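With the sequences and hints as input, model every part of the structure.
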Amino acid sequence: MRKTAAAYLGLILVFVLWGSLYVVSSVVLQYMPTFAVMFCRFVIAFAALSIIVKAGTRKWNPDGTDEQGRKTKTDGPGWKYVILLGVLGYAVGVGVQLMGTKYAGSSMASLINSLNPVAISLMAVPILHEKLTGNKIIGILLAVFGVYLILGTGGTVNLPGILMSLASVLLWSLVSVMTRQGLAKNNPLVITRNAIGVAAVCEFIFAVAEHVLTHSTIHLNGGVIAGLLYLGVFCTGVSYILWNQGLAVLPASSCSALYPIQPLTSTVMGVIFFHETVGLSFAAGAVFILVGVLLCLLGAKRMKHRKTDGQPLYH
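Offset between the sequence shown (1-based) and our numbering: plus 930.
No wet-lab data here; the hints were simulated from the structure. For clarity, every value in this text was computed on a predicted model and none was experimentally measured. Be a bit skeptical, because a hint or two may be false.
[Stated by the list, open to error] Beta-carbon label-pair distances, calculated as ranges:
#1 His1205 to Lys1115: 41 to 49 Å
#2 Gly1152 to His1059: 45 to 53 Å
#3 Val1055 to Leu1093: 18 to 26 Å
#4 Tyr1078 to Asn991: 47 to 55 Å
#5 Ile1155 to Gly986: 21 to 29 Å
#6 Ala936 to His1141: 36 to 44 Å
[Unchecked claim] Computed cross-link-like contacts, DSSO-like style, restricted to lysine-lysine with a CA-CA straight-line distance of at most 30 Å:
#7 Lys1001 to Lys989
#8 Lys933 to Lys1115
#9 Lys1115 to Lys1001
#10 Lys1010 to Lys989
#11 Lys1003 to Lys1115
#12 Lys1003 to Lys984
#13 Lys1061 to Lys933
#14 Lys933 to Lys989
#15 Lys1115 to Lys984
#16 Lys989 to Lys1115
#17 Lys1061 to Lys1010
#18 Lys984 to Lys1001
#19 Lys1115 to Lys1010
#20 Lys984 to Lys1010
#21 Lys984 to Lys933
#22 Lys1003 to Lys933
#23 Lys933 to Lys1010
#24 Lys989 to Lys1003
#25 Lys1061 to Lys1115
#26 Lys933 to Lys1001
Cβ coordinates follow ideal geometry from the N, Cα and C atoms, glycine included.
This is how it looks when you write it as structure tokens:
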């Protein structure tokens, strides 16, 4: 019970951090190209996580397991999850997410990203054999209708930015579902650190290619450096640790129980700091999306309580 409560408290912080990420990213992207930001973000996160991993080794067992019996050294099967997380989830998925934020704006990108629970519910059916309940079906339909309302607003919508945000949702949700079992057997901190290291290598390649193709320039100042540190340490390192720890304890769909906090955080910050406008179509679409997300999560919670063997929803 205490472990579950701690996981949910950690997820609250995750979604607040991810909500602020869109706003901070919008500022940093005015001075640096997309993949250069991603490279700096992951290098900083890797350094921070390496320090945390080093400090945590004092609590680990001599046989190479942590206090919960999970592997602390990445073996052959573990590297499969590291590569999957690092390349598809972090390097590509988060990179596309940042591009979506650049073109669609922080409020819109964060709202589209709140569709993650819906995508996770859909992908968990064929991959993890989770049942699709009536609540989830209704929730999915409402969320899709909410997206339709937003896309139908006309000239104020940046379609490429929204499509990039949707692509990041699909990638992140797929990786979350596929890595569920691996994170339960391996220490999430080690897996996260190694995956971010892989992502940093990928982002360096992407950043070089971006510079060659676009001749982009970088303009550093104190605010940009502070923003990069915030993105790397808190929005990436700390948040990914808490997310993966939650994913190791809770069912994949239940990990998203507090996702509506993310778009609310970014929208409020976007209105305050960037004077972003929230039109009627955006507000109506947001209501449908958030209600749909909550229905999907309610279905996941009921399925969890129906189980009597005390095992996690996913195996």
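Now for the hints, and whether the structure bears them out:
no. : hint                           : verdict
1   : His1205 to Lys1115: 41 to 49 Å : 47 Å, holds
2   : Gly1152 to His1059: 45 to 53 Å : 51 Å, holds
3   : Val1055 to Leu1093: 18 to 26 Å : 24 Å, holds
4   : Tyr1078 to Asn991: 47 to 55 Å  : 52 Å, holds
5   : Ile1155 to Gly986: 21 to 29 Å  : 28 Å, holds
6   : Ala936 to His1141: 36 to 44 Å  : 43 Å, holds
7   : Lys1001 to Lys989              : 13 Å, holds
8   : Lys933 to Lys1115              : 16 Å, holds
9   : Lys1115 to Lys1001             : 6 Å, holds
10  : Lys1010 to Lys989              : 26 Å, holds
11  : Lys1003 to Lys1115             : 11 Å, holds
12  : Lys1003 to Lys984              : 13 Å, holds
13  : Lys1061 to Lys933              : 25 Å, holds
14  : Lys933 to Lys989               : 17 Å, holds
15  : Lys1115 to Lys984              : 20 Å, holds
16  : Lys989 to Lys1115              : 17 Å, holds
17  : Lys1061 to Lys1010             : 26 Å, holds
18  : Lys984 to Lys1001              : 15 Å, holds
19  : Lys1115 to Lys1010             : 13 Å, holds
20  : Lys984 to Lys1010              : 23 Å, holds
21  : Lys984 to Lys933               : 23 Å, holds
22  : Lys1003 to Lys933              : 23 Å, holds
23  : Lys933 to Lys1010              : 27 Å, holds
24  : Lys989 to Lys1003              : 14 Å, holds
25  : Lys1061 to Lys1115             : 24 Å, holds
26  : Lys933 to Lys1001              : 19 Å, holds
Hint violations for this structure: none, all hints satisfied.
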